[in-house]
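Enquirer: Take a look at the letters that make up each chain.
4 protein chains.
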Amino acid sequence: MSFNTFGHMFRVTTWGESHGPAIGCTVDGCPPGIALTEGDIQPWLDRRKPGQSKFTTQRKEPDEVRILSGVFEGRTTGTPIQLMIENTDQRSKDYGDIAQAFRPGHADITYHQKYGLRDYRGGGRSSARETAARVAAGGVARAVLAALVPGLTITGYMVQMGAHAIDRSRFDAAQIAENPFWCPDAVMADQWASCLDDLRLSHNSVGAVIEVIATGVPPGLGAPLYAKLDSDLAAAMMSINAVKAVEIGDGMAAATLTGVDNADEIRMGSNGPEFLSNHAGGILGGISTGQPVICRFAVKPTSSILTPRQTVNAAGEEIDLITKGRHDPCVGIRAVPVGEAMMACVLLDHLLLDRGQTGGLRGQIG
Amino acid sequence: MSFNTFGHMFRVTTWGESHGPAIGCTVDGCPPGIALTEGDIQPWLDRRKPGQSKFTTQRKEPDEVRILSGVFEGRTTGTPIQLMIENTDQRSKDYGDIAQAFRPGHADITYHQKYGLRDYRGGGRSSARETAARVAAGGVARAVLAALVPGLTITGYMVQMGAHAIDRSRFDAAQIAENPFWCPDAVMADQWASCLDDLRLSHNSVGAVIEVIATGVPPGLGAPLYAKLDSDLAAAMMSINAVKAVEIGDGMAAATLTGVDNADEIRMGSNGPEFLSNHAGGILGGISTGQPVICRFAVKPTSSILTPRQTVNAAGEEIDLITKGRHDPCVGIRAVPVGEAMMACVLLDHLLLDRGQTGGLRGQIG
Amino acid sequence: MSFNTFGHMFRVTTWGESHGPAIGCTVDGCPPGIALTEGDIQPWLDRRKPGQSKFTTQRKEPDEVRILSGVFEGRTTGTPIQLMIENTDQRSKDYGDIAQAFRPGHADITYHQKYGLRDYRGGGRSSARETAARVAAGGVARAVLAALVPGLTITGYMVQMGAHAIDRSRFDAAQIAENPFWCPDAVMADQWASCLDDLRLSHNSVGAVIEVIATGVPPGLGAPLYAKLDSDLAAAMMSINAVKAVEIGDGMAAATLTGVDNADEIRMGSNGPEFLSNHAGGILGGISTGQPVICRFAVKPTSSILTPRQTVNAAGEEIDLITKGRHDPCVGIRAVPVGEAMMACVLLDHLLLDRGQTGGLRGQIG
Amino acid sequence: MSFNTFGHMFRVTTWGESHGPAIGCTVDGCPPGIALTEGDIQPWLDRRKPGQSKFTTQRKEPDEVRILSGVFEGRTTGTPIQLMIENTDQRSKDYGDIAQAFRPGHADITYHQKYGLRDYRGGGRSSARETAARVAAGGVARAVLAALVPGLTITGYMVQMGAHAIDRSRFDAAQIAENPFWCPDAVMADQWASCLDDLRLSHNSVGAVIEVIATGVPPGLGAPLYAKLDSDLAAAMMSINAVKAVEIGDGMAAATLTGVDNADEIRMGSNGPEFLSNHAGGILGGISTGQPVICRFAVKPTSSILTPRQTVNAAGEEIDLITKGRHDPCVGIRAVPVGEAMMACVLLDHLLLDRGQTGGLRGQIG
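Respectively, the protein sequence lines represent chains A, B, C and D.
The opening residue of the first sequence carries number 6 in this note's numbering; numbering runs sequentially from there.
The opening residue of the second sequence carries number 6 in this note's numbering; numbering runs sequentially from there.
The opening residue of the third sequence carries number 6 in this note's numbering; numbering runs sequentially from there.
The opening residue of the fourth sequence carries number 6 in this note's numbering; numbering runs sequentially from there.
So here's chain A without its partners, still in its complex pose:
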């Protein structure tokens, strides 16, 4: 990973600012011969699209993706795939107030300090709008994974909003698409709805925890020691706007376990070794075990709120600042498809790396 590129072999380079003419990405290293049209990518973008419920920003961005290269007669050619999404619903005037002022919790001050200037409109390059490019790239990765590893699934959902975590005993995957929060717990989804209503009225926002799980991942993906599967997942998730923590398997809770409890014991199943638990989140020594790969990340509350906060401006004057505009009260919601996309990209990247180095052959057990 370097600057605006991530991935080793399946490499994604994103570009674009929130209020420029367009955003997009170049997907390089894609296997050839994979069926791909805009129709394979658009549904993933639609899931991330703003304005789908009253709980996300009311901006209206159609987020229509165009494939500008790398696909011929409906199949990938192995050459770079350029994906472009035009920016359409820009109200740059909303941002005049922050041209010279630094919104607390935002990248305004650090971009100013690093670069000496910044495109302040809508957060410019640091806008969560960039994540649309990730979702588009993830759509490509999903199409390739579907061809190369047919059984593999990737599912993201919210497991916590503020202090309100789901009840795992009520976990129902079918619920995820049934509420505006990607929440697998229908009871909690209702609670979050009223919680968010209150927060909006009080000009406030809240954080969240997202979980992304991949099943059907072949064993053997990952590479010691600085391209470990979990290390790359950590980088990928932490690179998403507003993410402050990443967990694999039991995550922070692993610290509280004893070795006896933490050992994922192994028995032989009909198709090879089977683990009796999955504290490891499907990764041992940086390499996939064949169990579900489980990753969680925490998203901080939206920093753009209507409650005034103390800050300074470029002239060094102390001011109070309200962030106007149409903002998500819980950006975590729209981070769900983004986390899925990053999981897809990382898994595919390691699948290609693995078959490059090892030929994809596997040590036998039994």
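Simulated from the structure, these hints should not be mistaken for laboratory data.
Bear in mind that the values here come from a model prediction, so they are computed numbers and not experimental data.
There's no promise every hint is true.
[As the list claims (entries may be wrong)] Derived list of chain A stretches under chain B, where covered just means 3 residues or more per stretch with a C-beta under 8 Å from a C-beta of chain B:
#1 117-127
#2 209-223
#3 256-269
#4 273-281
[As the list claims (entries may be wrong)] Facing chain B, according to a computed beta carbon distance under 8 Å, are these residues of chain D, among others:
#5 Arg16
#6 Gly21
#7 Leu73
#8 Gly75
#9 Phe77
#10 Gly79
#11 Thr84
#12 Pro85
#13 Leu122
#14 Arg130
#15 Ala178
#16 Ala182
[Claimed, not checked] If you want the ones that stay clear, here's a sample from chain A, every Cβ over 10 Å from chain C, calculated:
#17 Asn9
#18 Thr31
#19 Gln63
#20 Val154
#21 Ala170
#22 Asp203
#23 Ala319
#24 Glu323
#25 Ile324
#26 Asp325
#27 Lys329
#28 Gly365
Even for Gly, the Cβ is constructed at its ideal location relative to N, Cα and C.
Since the structure of chain A is already known, use the hints to place chains B, C and D on it.
Expert: Only chains B, C and D this time, still in chain A's reference frame:
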């Protein structure tokens, strides 16, 4: 980061297995003209060295580092610095039992599945012994940072063992070096000692949480969007053996905050902007703010325990396995200097990247 | 360099096919605060543009570049700069004949063998049209170099067409812009014109040698040993379509010299050391000396010719093939601005790398 | 490629100075399960070893390689392979004269200007001694290639010394090992011998041209556009000390051809398409055609000569300098095994890249 290399400009490539003749690393991209001898690196290795208290493994590895290249007449030349540590206290016979069996919680099974073979002695490449190479590289990074950013400090310590977290009100930095746990809370250190005694008697182990804090970090380090400072820290910490989670600033707890609480408000101090809090952990938009950079990571309990666990062997037979050998009951303890080393490497890497791209000039405030 | 990206810090990723909707590139790692508009880039594209004389292809591509990101209010922001050029004059029907046939000398057969399919229209990804993206990136690099190293100049010209080399004693830099061949020797330019007229009538084409020279390059650019300045220049030039050789300084002729003749002797000038000759082409040990950096490359003759050549098609049938279309009889002509662009990108990349690693300070002499 | 690392997937990082305790390299990304011992690598080092005839330096370096990691029970494990060669025959006192003086044609002045200091003993990092590490890495690459592509061969030889080129009509591969020049033309070998005798007596040296040819290379290796097989070969060869030019296929002579002559026409053979000529040197569009891959490079004359040359020292004083020591009168001779090693590394790297991206499947013809 790729395979066994990490870093963009200050690049570290590690090599070696636990029971081979030696381990080491190549440090490439180091600035020239920096005073450096083995004496600058050895003290950091000594802090990580096993056998320093009854609470860590009783192996006796002197871990003496030799500089084989890249330094001339006591100064770095800008060419690659090769650091080698010979392996001396190897009892490979301890490992005969696991030549064909997979220890739960270890990388044995995934290395077998990926590569078809593995150096099983002491965990081979997946051994925590590799972290000695990281600490050595960190020693070089510290020497460079001391020359380029004199005020910068990096301090690691344990903040939790099992369910027992320190009491932040008792935090005393002076205590860190006074107990075998790098614990800043003297009361908790005593508690951990008796806790570990019990665990050893019951043939068990326990996890931990480490915090690493860097002060005096200049603003402006980091790069959007996939080489963010926090993204690179997450990758670096997650690449350490047994780490299952990484937090920046408030980390997972950021999910529970509201936007009003999470905003690190800003006032003007005598030397420029000052933040009234540090929920962000010194990083906004992937770029350092000038506040302390705060990173935490969770280490799972040592998987090598004397309590038998169910597993299988390469022949596919179901067996019970006890892991003999001289193991740390809480590997988290020795992860403290490793976390510090990774912080040093990542910060220096971004310092060089930043002055490469921007010239190190800073946008003025006030 | 990897797949479709080149550069270490100043990184260019190109995308697009000859007959797709557009081509372009992402320029990442650009220093911030540099004045940049389309008007700084377009003139370089205009120099490469086809149809400027009867000696280049008669396609009419306006090659208008648009900046889609990374520039705000006329200055670079340090974030990725997306440059897009729409494809307008496409006659895809010209290419029906080669959909299933492999033109000798072209990448048709290798793309087919590697990827199993290809966008055959106009050569697809392997078309020289991709070089427009390089020239656009080079325009950005030139703008940055102008700001950071004001005296630096980069000049390309043709020194040989077929067997006809220029007479160095007639070298006149002012002539380069005065003929359609970027030829510094007015007499030879006339000769080349009649030579090309003959070749076209006989349905043939011819190769060429291009020289690119950079003056005012600071000493100290380059890095041992696999990111040497000459190594990166060699990769950059060899990556241009149809290039078959790269020379630095005396190049192949260095083999014929003795050590006594080859030594570029050094004396002290008023501004430090001065070399009495430049066999080395401004690079010693992979690092710039401060002398002019001199690079040459050979371009093979255009493979698209109207003379039938023996080949096979995807069905394995032996056929004779004429390549219709509007082709340059000497693609070397239009490679001149491309070579300049690659030189600009490589020099800037190393300038940033150098100030990253060393801070740009220089060992004194005298 | 970056600093001291080359390769995308099969990555080699070299380290070490001529007169330090050792030199070596880390080979990362090597496929697992390949039979490998020091005995597979040493023969290649012995071919490069100095002192094998009166025509190379009389230094006595045994160049014994040790494998320190990455190999277990005689097979590669897929983890980094550390190769170390101790430096034994060092006469550092030979170099006192150049501690503060800059030998013309050497990297002394550029290292000084870039880094402000240098290990002047034997050229330090810029010594051709570093190429021993390349040859060792090439030995690993050859072992892997032998396992993955059994029919592949790599052969290097000298085709020109000074103005004396071999007569291709006398080319006899069996001669290559029969003379101290790796010369396939027995008549020319005799001529070179007397030529070199004269040069030594006159305290002079001479340049050379090396050709490296690989047969049995599968079609499909290479990647557009900046990781082309020829682009990577150009970088690899140009990174060798003293190399000033790289040619693929017809190389510089391609400029003199017409399109009719240059077209490598294709017919169907019993095993698929066959080319009637090989002007392209086995590479079209950056991708291997299946024909022999042919690469040539020019090596400048040894800069270390006993004839005094004008230069300056660090104090800025003008001096005359004789370079004492035991130097090769034609360094090109020992560059032959180095060129072979680089070819092996590049081909293997692309083999792994290709099977990573495409799965190694090939588009059918016929």
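Enquirer: Against this structure, judge whether each hint is valid.
Expert: So, going through the hints one by one against the coordinates:
no., hint, verdict
1, 117-127, "holds (count 6)"
2, 209-223, "holds (count 6)"
3, 256-269, "holds (count 14)"
4, 273-281, "holds (count 4)"
5, Arg16, "holds, 7 Å"
6, Gly21, "holds, 4 Å"
7, Leu73, "holds, 5 Å"
8, Gly75, "holds, 7 Å"
9, Phe77, "holds, 4 Å"
10, Gly79, "violated, 10 Å"
11, Thr84, "holds, 4 Å"
12, Pro85, "holds, 4 Å"
13, Leu122, "holds, 6 Å"
14, Arg130, "holds, 4 Å"
15, Ala178, "violated, 37 Å"
16, Ala182, "violated, 33 Å"
17, Asn9, "violated, 5 Å"
18, Thr31, "violated, 5 Å"
19, Gln63, "holds, 25 Å"
20, Val154, "holds, 19 Å"
21, Ala170, "holds, 36 Å"
22, Asp203, "holds, 37 Å"
23, Ala319, "holds, 14 Å"
24, Glu323, "holds, 26 Å"
25, Ile324, "holds, 22 Å"
26, Asp325, "holds, 26 Å"
27, Lys329, "holds, 21 Å"
28, Gly365, "holds, 18 Å"
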